[in-house]
Amino acid sequence: MARISVQTEDFDTGAEIAALTAGRTDIGGIGCFIGTVRDQPGPKDAAASPPVVALTLEHYPGMTERAIERIVASAEARWPLLGCTVIHRVGTMRVGENIVLVIAASSHRQAALDATAFLIDWLKTKAPFWKREESVDGQGTWVEAREADDEAAARWHSV
Amino acid sequence: MSKPLTILYFAWLRERVGRSQEELDLPPSVRTVADLVTYLADRGPGYATVFQNRRTVRCAVNQEFADPDAPIHPGDEIAFFPPVTGG
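If you read the protein sequences in the order shown, they are chains F and U. Residues 1 to 159 in the numbering used here are what the first sequence lists, from first letter to last. Residues 160 to 246 in the numbering used here are what the second sequence lists, from first letter to last.
Just so you know, not all the hints are guaranteed correct.
[Said to hold, decoys possible] Just the calculated beta-carbon pair ranges, DEER-fashion: (1) F:40 x U:174: 29 to 37 angstroms; (2) F:138 x U:213: 27 to 35 angstroms; (3) F:62 x U:232: 13 to 21 angstroms.
Since the hints were made in silico from the structure, they are not lab data. Note that the Cβ used here is the ideal one computed from N, Cα and C, for glycine as well.
Let the sequences and hints guide you as you build the complete structure.
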């Protein structure tokens with residue numbers, strides 16, 4: 001049973017891993033990805049743009065949760081997962097803050113690592129979130145989708 | 160009387176259109192997502208800006224991603240938004 005949460009509050013990675021593994025003796029590997037806010041702007045004229053100070057995540061309430069449930073179900077169909085956690089924050093986050101947490105547990109490392117990569121690749125391309133960057137000069141810019149993200153998501157279609 | 164459509168806008172589409180949500184009685188000319196895009200593009204300058212480049216607009220019908228040829232029915236929840244950038 002996966003834990004899925006879309007929330008404004010920060011998350012505690014250690015506590016989430018502890019909760020996922022509590023009482024389990026069958027887990028042999030845990031993959032974990034944490035996405036954080038960086039000061040470097042997105043792909044559009046990154047070099048010429050001033051540093052980012054904050055990120056605002058907008059989402060589509062209702063559809064977001066359904067989309068994440070579907071992505072997790074796809075991961076569970078591909079790998080023998082023993083536990084899975086996806087937490088995605090929304091609202092405004094400052095540089096250095098957490099955005100997203102993905103944890104996948106399995107009996108062996110390869111499934112845990114692959115499922116973790118799959119989950120974040122598909123989250124970036126198949127869940128209705130939109131990032132808006134705020135730079136030091138107060139300007140806000142909607143982040144444009146990257147072809148590289150689509151390619152990263154597409155590589156799993158052959159798995 | 161059939162139920163109106165609920166239309167939602169997100170991210171920069173919401174800013175350009177100037178609203179996050181509206182209701183619309185299903186126009187007789189609209190049978191698919193592509194028909195609705197054509198209809199909405201004529202509603203004003205903000206709409207025209209949003210819908211002129213259809214490659215940058217994505218759609219969901221009843222909270223499922225939908226192609227331009229997806230059918231639309233009275234009472235549907237239709238959302239328009241840019242390509243997603245979460246994660």
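Tested hints:
1. F:40 x U:174: 29 to 37 angstroms: Given a distance of about 24 angstroms, which is not inside 29 to 37 angstroms, the answer is violated.
2. F:138 x U:213: 27 to 35 angstroms: 32 angstroms, holds
3. F:62 x U:232: 13 to 21 angstroms: Roughly 18 angstroms apart at Cβ, these two residues keep to the hinted range, so it holds.
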